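Trainee: Fit chain to chain and form the complex, with the hints in mind.
If you want the building blocks of each chain, they are given just below.
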Amino acid sequence: DAGVIQSPRHEVTEMGQEVTLRCKPISGHNSLFWYRQTMMRGLELLIYFNNNVPIDDSGMPEDRFSAKMPNASFSTLKIQPSEPRDSAVYFCASSFVAVYEQYFGPGTRLTVT
Amino acid sequence: GQQVMQIPQYQHVQEGEDFTTYCNSSTTLSNIQWYKQRPGGHPVFLIQLVKSGEVKKQKRLTFQFGEAKKNSSLHITATQTTDVGTYFCAGKAGNNRKLIWGLGTSLAVNP
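Chain order of the listed sequences is Z and L.
Quick note: the first sequence uses the working numbering, first residue 1, plus one each step.
Quick note: the second sequence uses the working numbering, first residue 1, plus one each step.
In case anyone wonders, no lab produced these hints; they're calculated from the structure.
These numbers come from a predicted model, not from an experiment.
Each hint should be verified, as a subset may be incorrect.
Straight line, CA to CA, 25 Å or less: simulated BS3-like cross-link-like pairs of lysine-lysine [claimed, not checked]: (1) Z:Lys24 with Z:Lys68; (2) L:Lys59 with L:Lys36; (3) L:Lys98 with Z:Lys68; (4) L:Lys98 with Z:Lys78; (5) L:Lys36 with Z:Lys24; (6) Z:Lys24 with L:Lys98; (7) L:Lys56 with L:Lys98; (8) L:Lys70 with L:Lys56; (9) L:Lys51 with L:Lys98; (10) L:Lys36 with L:Lys51.
So that you can see chain L by itself, here it is in the shape it has in the complex (with noise of 0.2 Å):
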């Protein structure tokens, strides 16, 4: 079945280094976003990406769609200890109404 596969599972960063987390589908993507889970809390919607080659940024993050629209990045500049979470991926493909999900990178930032 469609799949979508996040590595790394796990990061841990020192504050102010950079972070990375990187979402594969085995199928092409309609659309793919993003979303953040505080220790603790629920997930929290971060942004959608719907074109070919998209990148967008919200502050420190910059999120990327691949031109192949199977792939997805999120890339966290000089991290803060806020940073702390799991960042989940979360695609539509094809004609299957619902999203399939990834199973998170969890990150770590040490002060």
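Just chain Z, same shape as in the assembly (with noise of 0.2 Å):
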């Protein structure tokens, strides 16, 4: 299996920009994360999704960040616009059912200058 895949890898874009975060979870996994991690803040659930429905959104920072699950083997996370605060690493991570082991992806590292 190849684990979650996460991409871009790396994504250094102006404030003001449109970024979107691609996830592809593991085959079989029912649940999708997406978390965020700074020094500061250290990790944050920003949402999930179960079946493809988002269940919990409450750590999604504002309006300008959205995410969408079309289907059982995609998800993007939107931020639009960005700002520099919005640097950081985000994670993809699913499981089978939302409370069982959560697997990482590697993690999209995003820069907002």
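Mentor: Below, the structure written as structure tokens:
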């Protein structure tokens, strides 16, 4: 199994630009999670999906952030417009059931200048 | 709201010394998971504990779940430089369908 796949691995963009992060979960996993990690705030859960349906988006910082899961094998996290404070590593993770062990992707390191 | 606290936040040890990180929840947990994140890497699942008082071992790592299922610990015997990283606990409480994550304990090992 290829594991959770994320793209791009690195993204550098200017403030105000739209950023789209992509994730392909492990086949057969029903739950997908988006996390953000910074030195200041640690690992934060942004949103999670169960069977492609958003269940809890209470961690999404503001309306500039949106996430979709159009099918079981693909999810996106979009930031529009991006700001320097959005700079972080964004992880996608998947699990068979929401409270089972989670498998993380390699992350996308986002830098907004 | 439900919280999971981890202590210490950072720990420096000499290679060969033991290391312990503690995880405390404000509510009773139905299970707790431990993850390790190497520097520059992503969190990797280590183990899950479910039963009250449960103890599990993985080589030099010993994981415990408290009798009241509100706390847990990870103990590493005779640390090695390969143990360097951040150790996270994450627990499920009640009917909450998601894991509540601790902030992690970062371990540095001096050779």
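Trainee: Run every hint past the structure and note whether it holds.
Mentor: Hint-by-hint comparison with the structure:
Among the hinted pairs, Lys24 of chain Z with Lys68 of chain Z is consistent with the structure: their alpha-carbon atoms are about 12 Å apart, no more than 25 Å. Taken as a hint, the Lys59 of chain L and Lys36 of chain L pair is honoured in the structure, with Cα atoms around 15 Å apart against an allowance of 25 Å. Only pairs whose Cα atoms come within 25 Å are accepted, and Lys98 of chain L paired with Lys68 of chain Z is accepted, the gap being roughly 18 Å. Restraint check for Lys98 of chain L and Lys78 of chain Z: the C-alpha separation of about 22 Å stays at or below 25 Å, so the hint holds.
A distance of roughly 22 Å separates the Cα atoms of Lys36 of chain L and Lys24 of chain Z; the hinted pair therefore holds under the 25 Å criterion. Annotation: proposed proximity of Lys24 of chain Z to Lys98 of chain L holds, straight-line Cα distance about 20 Å (limit 25 Å). Taking the CA atoms of Lys56 of chain L and Lys98 of chain L, the gap is about 23 Å. The hint holds against a cut of 25 Å. Simply put, Lys70 of chain L and Lys56 of chain L have alpha-carbon atoms about 17 Å apart, close enough for the 25 Å limit, and the pair holds.
Of the supplied pair hints, the one linking Lys51 of chain L and Lys98 of chain L holds, its CA atoms being roughly 19 Å apart against a limit of 25 Å. With a C-alpha separation of about 21 Å, the suggested pairing of Lys36 of chain L with Lys51 of chain L holds against the 25 Å cut-off.
When held up to the earlier numbered hints, the structure conflicts with none and fits them all.
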